[in-house]
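J.: Letter by letter, the chains look like this.
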Amino acid sequence: MVPIEYYLGLSAILFTIGAVGVLIRRNAIIIFMSVELMLNSANLLFVAFARLHESMNGQIFVFFVMAVAAAEVAVGLALIVAIFHTKRSIDVDEIHLLKG
Amino acid sequence: MLLSEAASSGPNFFFLVPLVVFIPVIGLLTNMIIGDRIPEKIIGIIGSTASGLAFLVAVLLGISLLNHPDGAIVPLVNWFTIGELSVDWAFQVDTLSVTMMLVVTGVGTLIHIYSIGYMHEDVRHKGDKKRYKRFFVFMNLFIVTMMVLVSANNYLMLFVGWEGVGLCSYLLIGFWYEKGKDGIGNALAGKKAFITNRIGDFGMLLAIFIMFWAFGTVDFYEVFEQAPAVAAAAPWVLMAITLLMLVGVAGKSAQIPLYVWLPDAMAGPTPVSALIHAATMVTAGVYLITRSYEIYNLVPEAQAIVATVGALTALFAATIATAQFDIKKVLAYSTISQLGFMVAAVGMGAYVAGMFHLVAHAFFKALLFLGSGSVIQGVEYGQHHAEHDSNQKNELKQRGEEQIDPQDIRNMGGIRKTMKITFWTYIIGALALAGVPPLVGFISKDEILAEADNLDQVIFGIPYTDIVYILLTVAAFLTAFYIGRQVLYVFFGKPRTLAAQHTKENPLIMTVPLMILAFLTIWGGGMNLPRVHTFATWLEQTLQHLHLGEFDLRVAIISTVLGLIGLLLAYLIYYRRYQAQHDLPAEQRPDDPLRPVLGRVFTLFENKYWVDELYWTLFVNPYVSLSKFLADVVDWRFLHDWFHDVVIAGLYKSYTHWLAGDFDLKIIDGFANWLARIVEKFASWLRKSETGYVRNYALSVFLGLILIIGFILLR
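Just so you know, the protein sequences line up as chains A and B, in that order. Residues 13 to 112 (the numbering used here) make up the first sequence, in order. Residues 241 to 955 (the numbering used here) make up the second sequence, in order.
No lab work stands behind these hints: they were computed from the structure. Heads up, some of the hints might be wrong.
Heads up, simulated BS3-like pairs for lysine-lysine below, C-alpha to C-alpha not over 27 angstroms straight-line [as the list claims (entries may be wrong)]:
1) B:LYS366 <-> B:LYS637
2) B:LYS370 <-> B:LYS431
3) B:LYS921 <-> A:LYS111
4) B:LYS637 <-> B:LYS657
5) B:LYS421 <-> B:LYS637
6) B:LYS928 <-> A:LYS111
7) B:LYS928 <-> A:LYS99
8) B:LYS734 <-> B:LYS633
9) B:LYS744 <-> B:LYS633
Computed list of chain B residues with no C-beta within reach of chain A, every gap over 12 angstroms [as the list claims (entries may be wrong)]:
10) ILE274
11) GLY302
12) TRP319
13) GLU465
14) ARG656
15) GLY701
16) TRP763
17) VAL873
18) ILE908
Given the structure is predicted, the values throughout are model-derived calculations rather than measurements. Here a beta-carbon is modelled for each residue, glycine too, at the ideal position from N, C-alpha and C.
Just chain A, same shape as in the assembly (with noise of 0.2 angstroms):
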């Protein structure tokens, strides 16, 4: 059986990856996708504690997180679309209409 180390350096690897990507890409479908992968690092988590634990509300978190993040996923693309109707671009760097 694989440790739990190798899981918890994998999982904190891949979030890192996604926040990192969040903050320094400005392409939106790139940030979205950085988003997927820190939902994703915190899913192998939930999975590999429950196996740990023998405990199964780990695993049916994991499909709550997949089914919002489909969701997720809907919403944000139609507004990526829509945003690129207006602006012709989804630089994130030229929506900036709430500055002060």
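Go by the hints and put chain B onto chain A.
T.: Structure of chain B alone, referenced to chain A:
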């Protein structure tokens, strides 16, 4: 039936006593509500019936009192309770109050009936027919308030009636308020009566206040119970109460110095003069003193003052009455004089004599007043008759009689032939007033004189009863003289005007009350014959330890002889002498044979000692000037123009100017603006954080997350 035997048996109608108040209330309400839609006669019948039924109740009460001589107190409602003072509207039924009820409702009913005829002519003559209803409403209201006055069992309830009758008097004096001198004469007379009475009421109120302060109650019997103790502890309290009450009595019963309103009150219709200003209301003061006899008996000094005031008034008014030419003014001064007799009597402690004279006076003075009303209407008719006859119209013009005063006795004369019933009844009333035996006026007046002669009371070293006796005897002589003069002027000799020549007797509705009153005047003396004392025994149930007046032949002979001399003198002067002068041309003929003889003295009497003018100079004018000064200078110029406009408004203006200018703009606005600038600066600094870049926000969220996790972990 002897009183002692029948005590506490037989029918008892005391519970009916509220009806003496409420039946007239029903009468006046009925007339008020439907009076515009029913004929005059019915209005009169309703008014008279209400008064008559009240009389019936009073008779039932009198019958009950024969069997239950102690009377009763019939409570109706609790008027108010404040702290320890509880005042009930309760009815005092005893021989004293029932005597007053009988007189007021009895004479009142006769006068109501008389008014049906009199007011019919009066409203026709003066023009406003709607006032017929108003007259009967006021008359019933008077009966109501007078009943409240005499049936009260405490001083406060009595005061309610006291004020109520004053109001009715005011309303009825000003009944023809648009008539009189300059169109406001009658209204002014009403005002004068009201204000003069107000002065008296002021004393009355103070007396009640002191009573409450000293006794803690205003109930008659509770006050009387405590009175001896208070008299021993603080005699000045009772002195103050009795003297302040005397002020009230002087106002209501027209005594010196507040009598001046009564002659002017003759502006009211004649039945009003008869009922309110002669027979009943003005006797309220006498009733008050009699009712308070237990207090007065404790203060001999106050009694002496009351008696002296009464005696002086009796003489003073009698002298004025000898030189008046208005038929009603003569009777008005006569009333003041007779009230003086009563007040003098009750002042001396001769309560029975005073009350008896009150009853007797109610009969014969109502008779005289109603008779004078009959004469006045006869003259008005005569004038009217002459005006509408083409021949006589010219004669009127020649004689300069187009406008004559129907109340001036100089315009009358010879009326005995045309108005026979009025003449004979008037003669009876006049003889009673003059004190000719055996009429009621003789017996009652003689009792007062006998008491004054018998009582030898000395106050401050002065035997005041002797002085009272002398004053009253002279007044009695003058009384006979002035009433003789009036009768001779009015009824004897030749008619001096066409109007007097064409007078006509009034209908039965007016003459029957005269006949009834004449009957009472003749036989009323039987109520209290000397040595029998029926009336005294009756009143003794209420007034304990009465002093019974003893008949004194000497006094009776002196007063009768003086009375006859007065009448004879009047006959000589106003019949013989006047006849002799009658044929002289009008310019040389004096209007009064005494005028050239008495000269200035006559003018003094005719002008009523210039007391009215004196009061004007002493009180009214200074008061008006003071009011004007207060209004113009103090109120308007000082308070309004200077204090309000300059001081208060000026200060306020400069203050608000400062508030609006410096304070508001600089301090309030400054603070608000400073606050706004601070917020603005902070905000403009804060807005720098809002970059609009998604990644910046994301970084903030991320850092925040790290901070929270770090905090949780490292805690």
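J.: Could you run down the list of hints and mark each one as holding or not?
T.: Taking the hints in turn, this is what the structure says about them:
1. B:LYS366 <-> B:LYS637: holds (22 angstroms)
2. B:LYS370 <-> B:LYS431: holds (23 angstroms)
3. B:LYS921 <-> A:LYS111: holds (18 angstroms)
4. B:LYS637 <-> B:LYS657: holds (25 angstroms)
5. B:LYS421 <-> B:LYS637: Cα-Cα ~23 angstroms, so holds.
6. B:LYS928 <-> A:LYS111: holds (9 angstroms)
7. B:LYS928 <-> A:LYS99: It holds: about 25 angstroms lies between the C-alpha atoms, which stays within 27 angstroms.
8. B:LYS734 <-> B:LYS633: Holds, at about 20 angstroms.
9. B:LYS744 <-> B:LYS633: holds (18 angstroms)
10. ILE274: At about 88 angstroms from chain A, ILE274 (chain B) clears the 12 angstroms cut-off, so the statement holds.
11. GLY302: Holds: least Cβ distance 106 angstroms, greater than 12 angstroms.
12. TRP319: For TRP319 (chain B), whose nearest Cβ neighbour in chain A is about 80 angstroms away, the distance exceeds 12 angstroms, so it holds.
13. GLU465: Nearest chain A Cβ is 95 angstroms from GLU465 (chain B), so the label holds.
14. ARG656: holds (121 angstroms)
15. GLY701: Correct as stated: the minimum Cβ-Cβ distance to chain A is 112 angstroms, above 12 angstroms.
16. TRP763: holds (118 angstroms)
17. VAL873: The claim holds: VAL873 (chain B) sits with its nearest Cβ about 73 angstroms from chain A, beyond 12 angstroms.
18. ILE908: holds (31 angstroms)
In summary, this structure violates none of the numbered hints.
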